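Peer 1: Numbered by our numbering, the letters in the sequence shown go through residues 3 to 256 in order.
Some hints could be false.
[Claimed, not checked] Pair by pair, the computed Cβ-Cβ distance ranges are:
#1 Q58 - S78: 54 to 64 Å
#2 V127 - T57: 52 to 62 Å
#3 A176 - R99: 18 to 28 Å
#4 D190 - G111: 19 to 29 Å
#5 Y11 - S141: 48 to 58 Å
#6 N255 - R114: 48 to 58 Å
#7 R97 - S182: 33 to 43 Å
These aren't lab readings, by the way, just hints derived from the structure by calculation.
Just so we're clear, the structure is a prediction, and the values are computed from it rather than from any experiment.
Ideal Cβ positions, reconstructed from N, Cα and C, are used throughout, including at glycine.
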Amino acid sequence: MGRRDRRPYLEEIERRELLSLLSVLMIDNQRRAFQPYVLHQDLRAGTHRVGAGTTQFPPFTPSKSSIAVPANQGASPTNQAVFQTGNLTPHEQKRQRFVARFEGPYIIGPGRTDTEAIQTFIRGVGSANTILHGDIQLSIITPKDPNAPLGAVAAIFDRNLNSNTVLGFDADGAHQNVDSAGRPNHLDHVTIDANESSGVYDEAFSQGTITIRYKPNGQRGRRVIDQGTAVVTIRAQIYTTGTDFILRNADINP
3 MGRRDRRPYL
13 EEIERRELLS
23 LLSVLMIDNQ
33 RRAFQPYVLH
43 QDLRAGTHRV
53 GAGTTQFPPF
63 TPSKSSIAVP
73 ANQGASPTNQ
83 AVFQTGNLTP
93 HEQKRQRFVA
103 RFEGPYIIGP
113 GRTDTEAIQT
123 FIRGVGSANT
133 ILHGDIQLSI
143 ITPKDPNAPL
153 GAVAAIFDRN
163 LNSNTVLGFD
173 ADGAHQNVDS
183 AGRPNHLDHV
193 TIDANESSGV
203 YDEAFSQGTI
213 TIRYKPNGQR
223 GRRVIDQGTA
233 VVTIRAQIYT
243 TGTDFILRNA
253 DINP
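Kindly generate the complete structure, drawing on both the sequences and the hints.
Peer 2: The structure is reproduced here in structure tokens:
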């Protein structure tokens, strides 16, 4: 075969930062953070310099007895960084706004105990104004007692695993909040579940509503009362401390 005269060609591509690379950098940062280092003399002496003046603070002295007491865990009631007070600025109101929509299969089956009428389980994919691609799992219990409220728990997962974010909700609603087929369709009290939440929502408070619209497919099976596709819409207000998003530090690698 004869040689062909070919000229090299360089094709320009868009610039992207690989999320996996951020994880590698974070691991390296953590390793460096635990390396031995030398404290500044002023810090060893408990001295804090402000401008030309110097303020003396008492040095920290570790306790010889156990520190596993309630006073050493959790924020004090006066800590406004955790327990926000006062009227919100327009900027803060916008920051706390949360709107999400998910769609996916639902299945309704009989209750698991003698006090439950039915249980509804929904899985869906969608997005929110704070989550580009996410998943939801929502479980709702309809009690047999007509005076007892609907009870629900939900978890929203951010598909960007580097954010380490799960948004957990506990919710309830009036027993009569059902559609024409008796399916629960509105939860009017939504709060953060601190045990389920992580990442951005590790320390948070919320209020809001969850609305559900069902599109049954007419198929039934063993222990299946109803199934099809559900659309879940969440409108809420969520306060977060703003210190739980690890990717915010991605630009300060040493």
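Peer 1: With reference to the structure, classify each hint as holding or not holding.
Peer 2: Verification of the hints:
Between Q58 and S78 the beta carbons are some 25 Å apart, a value that contradicts the proposed interval 54 to 64 Å. For the pair V127 and T57, the beta carbons lie near 54 Å from each other, so the given range of 52 to 62 Å is met. One distance hint, 18 to 28 Å for the beta-carbon pair A176 and R99, holds here, with the actual separation near 25 Å. Checked against the hint of 19 to 29 Å, the C-beta distance between D190 and G111 comes to roughly 24 Å, which is consistent with it.
Taken as a hint, the range 48 to 58 Å holds for the pair Y11 and S141, whose Cβ atoms sit roughly 56 Å apart. Take N255 and R114: their Cβ atoms lie about 49 Å apart, and the range 48 to 58 Å holds. At roughly 38 Å, the beta-carbon separation of R97 and S182 lies within the given 33 to 43 Å, and the hint holds.
Comparing the model with each numbered hint stated earlier shows that hint 1 is the single one that does not hold.
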